[in-house]
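Q: The listed protein sequences derive, respectively, from chains A and B.
In the numbering used here, each residue carries its 1-based index in the first sequence increased by 520.
In the numbering used here, each residue carries its 1-based index in the second sequence increased by 2.
Simulated from the structure, these hints should not be mistaken for laboratory data.
Zero decoy hints are in this set.
Taking lysine-lysine and the DSS-like style, the derived pairs with C-alpha atoms no more than 30 Å apart in a straight line are: (1) Lys647(A) <-> Lys19(B); (2) Lys805(A) <-> Lys9(B); (3) Lys9(B) <-> Lys766(A); (4) Lys534(A) <-> Lys876(A); (5) Lys682(A) <-> Lys9(B).
Treat the numbers as computed from the prediction; the structure is a model and nothing was measured.
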Amino acid sequence: MSKSKEELYQERLKRYTKAMQNEKPDMIPIRPFVAEFTALYAGYTCQEVTHDYEKAFLAARKCAADFDWDAVVGNMVYVWTGLTQAINLTYYATPGIDIPPDVGFQYREPPEEKAFMKPEEYDDLIKDPTDYLFNVWLPRVSQDIVPPGKPTTFRHNLAFLKGGMAMMQYFDALGRQNQLLREETGTVSAISGILKAPLDILADKLRGYYGLARDLMERPDKVLAACEALMPHLFQVALSGADPEKNVPVAMWMHRTSVPFISPRHFQDIYWPTTKPILEELWNKGHQTLLYAEGNWDFHLSTFRELPAGSVIFHVDRSDIFKAHRILGDRFCISGGIPNTLLSIGTPEEVRDYCKKVIDEVARDGGYIMDASAIIQNDAQVENVKALTDFTREYGQY
Amino acid sequence: MEEVKRKPGACIPWEEKAKELPPLSGDPELVRRVWEEVDFLGYLFIWHCLVSF
Numbered sequence: 521m522s523k524s525k526e527e528l529y530q531e532r533l534k535r536y537t538k539a540m541q542n543e544k545p546d547m548i549p550i551r552p553f554v555a556e557f558t559a560l561y562a563g564y565t566c567q568e569v570t571h572d573y574e575k576a577f578l579a580a581r582k583c584a585a586d587f588d589w590d591a592v593v594g595n596m597v598y599v600w601t602g603l604t605q606a607i608n609l610t611y612y613a614t615p616g617i618d619i620p621p622d623v624g625f626q627y628r629e630p631p632e633e634k635a636f637m638k639p640e641e642y643d644d645l646i647k648d649p650t651d652y653l654f655n656v657w658l659p660r661v662s663q664d665i666v667p668p669g670k671p672t673t674f675r676h677n678l679a680f681l682k683g684g685m686a687m688m689q690y691f692d693a694l695g696r697q698n699q700l701l702r703e704e705t706g707t708v709s710a711i712s713g714i715l716k717a718p719l720d721i722l723a724d725k726l727r728g729y730y731g732l733a734r735d736l737m738e739r740p741d742k743v744l745a746a747c748e749a750l751m752p753h754l755f756q757v758a759l760s761g762a763d764p765e766k767n768v769p770v771a772m773w774m775h776r777t778s779v780p781f782i783s784p785r786h787f788q789d790i791y792w793p794t795t796k797p798i799l800e801e802l803w804n805k806g807h808q809t810l811l812y813a814e815g816n817w818d819f820h821l822s823t824f825r826e827l828p829a830g831s832v833i834f835h836v837d838r839s840d841i842f843k844a845h846r847i848l849g850d851r852f853c854i855s856g857g858i859p860n861t862l863l864s865i866g867t868p869e870e871v872r873d874y875c876k877k878v879i880d881e882v883a884r885d886g887g888y889i890m891d892a893s894a895i896i897q898n899d900a901q902v903e904n905v906k907a908l909t910d911f912t913r914e915y916g917q918y
Numbered sequence: 003m004e005e006v007k008r009k010p011g012a013c014i015p016w017e018e019k020a021k022e023l024p025p026l027s028g029d030p031e032l033v034r035r036v037w038e039e040v041d042f043l044g045y046l047f048i049w050h051c052l053v054s055f
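Model the full assembly from the supplied sequences, consistent with the hints where possible.
A: What follows is the structure, given as structure tokens:
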């Protein structure tokens with residue numbers, strides 16, 4: 521008799537959580553972070569899955585149903601541009617509006633002189649981050665929201681009203697999506713909650729990378745103080761979205777704060793002292809964190825060993841997965857490491873060969889989750905994603 | 003810029019709001035709890051704009 525979807529879900533949840541605890545499950549869990557690939561597979565355009573989240577959800581569920589995956593993200597095309605349009609945010613290029621319909625959405629970083637936060641505003645951010653965001657930052661990143669002291673407008677009022685209601689609608693829908701994944705396909709929702717390191721947030725949305733690079737040289741004390749001011753808020757946001765069952769991890773998206781984007785000294789003096797306590801506090805509350813380490817973090821692998829064993833899952837993008845396993849493997853689960861270029865321009869045979877090498881060298885004792893290096897977009901070949909999946913199922917049995 | 007430093011999770015802290023209210027004849031804890039829960043939605047809105055969108 522075939523298993524019920526709930527039995528399948530429980531089996532997959534056990535497999536996934538056991539691997540994340542750096543133990544050996546019955547087989548290697550497969551947890552691909554599929555973004556615009558879902559559109560390619562389900563026959564949608566990037567515009568459709570970015571602007572109509574129900575289509576994105578359907579595409580994710582279709583992939584979950586057709587591939588034998590243990591866990592996925594309910595919608596890895598994470599920006600619903602209906603919401604960003606409601607607030608009239610300036611920093612997204614939306615498929616079908618700003619860029620061609622079959623191109624994934626883009627983040628547009630302003631030039632340094634037009635950064636969303638000016639260098640002389642550090643003290644305002646440090647004094648009261650929430651106030652700064654509402655009154656200074658949001659009016660700069662939205663074309664409709666006006667700052668305090670300026671005449672209010674119809675569009676200003678609507679941006680807050682529609683933005684707030686749209687955000688609530690989207691988060692409610694995501695909750696339903698996770699439930700549908702469980703009921704329809706027995707698939708685990710891979711992550712819950714979001715975290716970014718304070719220094720990454722400064723680079724991403726406030727000063728921009730160039731501005732932050734300059735500030736690290738010209739006003740490092742202010743940068744540190746700003747990161748310290750952001751810490752409790754970023755922790756609060758992460759905790760508010762964390763899995764109440766404490767099964768799946770909070771995801772921390774790590775962008776441009778590794779060497780050589782910043783210096784080793786800035787990493788040790790600013791990044792790590794303002795990131796490590798957040799990870800430790802989440803762990804104290806029973807939540808693991810997935811370190812989604814985009815780019816190459818080889819320089820910092822030894823530093824991550826300072827974290828409590830089992831508190832994080834280290835995801836490999838361009839880091840050396842074999843080195844990451846040697847340095848971290850006794851303490852933490854490793855995920856990813858299958859190059860996206862291989863999924864895009866390689867052959868199924870090359871994909872299988874690479875998966876074999878990773879499984880042989882990294883997954884032998886458990887504590888490994890199969891995934892590509894970075895999120896899988898619509899450049900990936902379906903046959904290559906299928907090769908990754910089928911080979912891991914066949915060869916990844918313990 | 004206002005002088006009030008908001009704690010994480012709050013936009014308009016209950017202590018600030020309570021000063022605006024007349025003496026409460028009913029359950030003050032109920033009023034505080036509901037104020038803070040709804041206020042938290044405003045907090046999540048701005049911080050998710052920064053972190054998630």
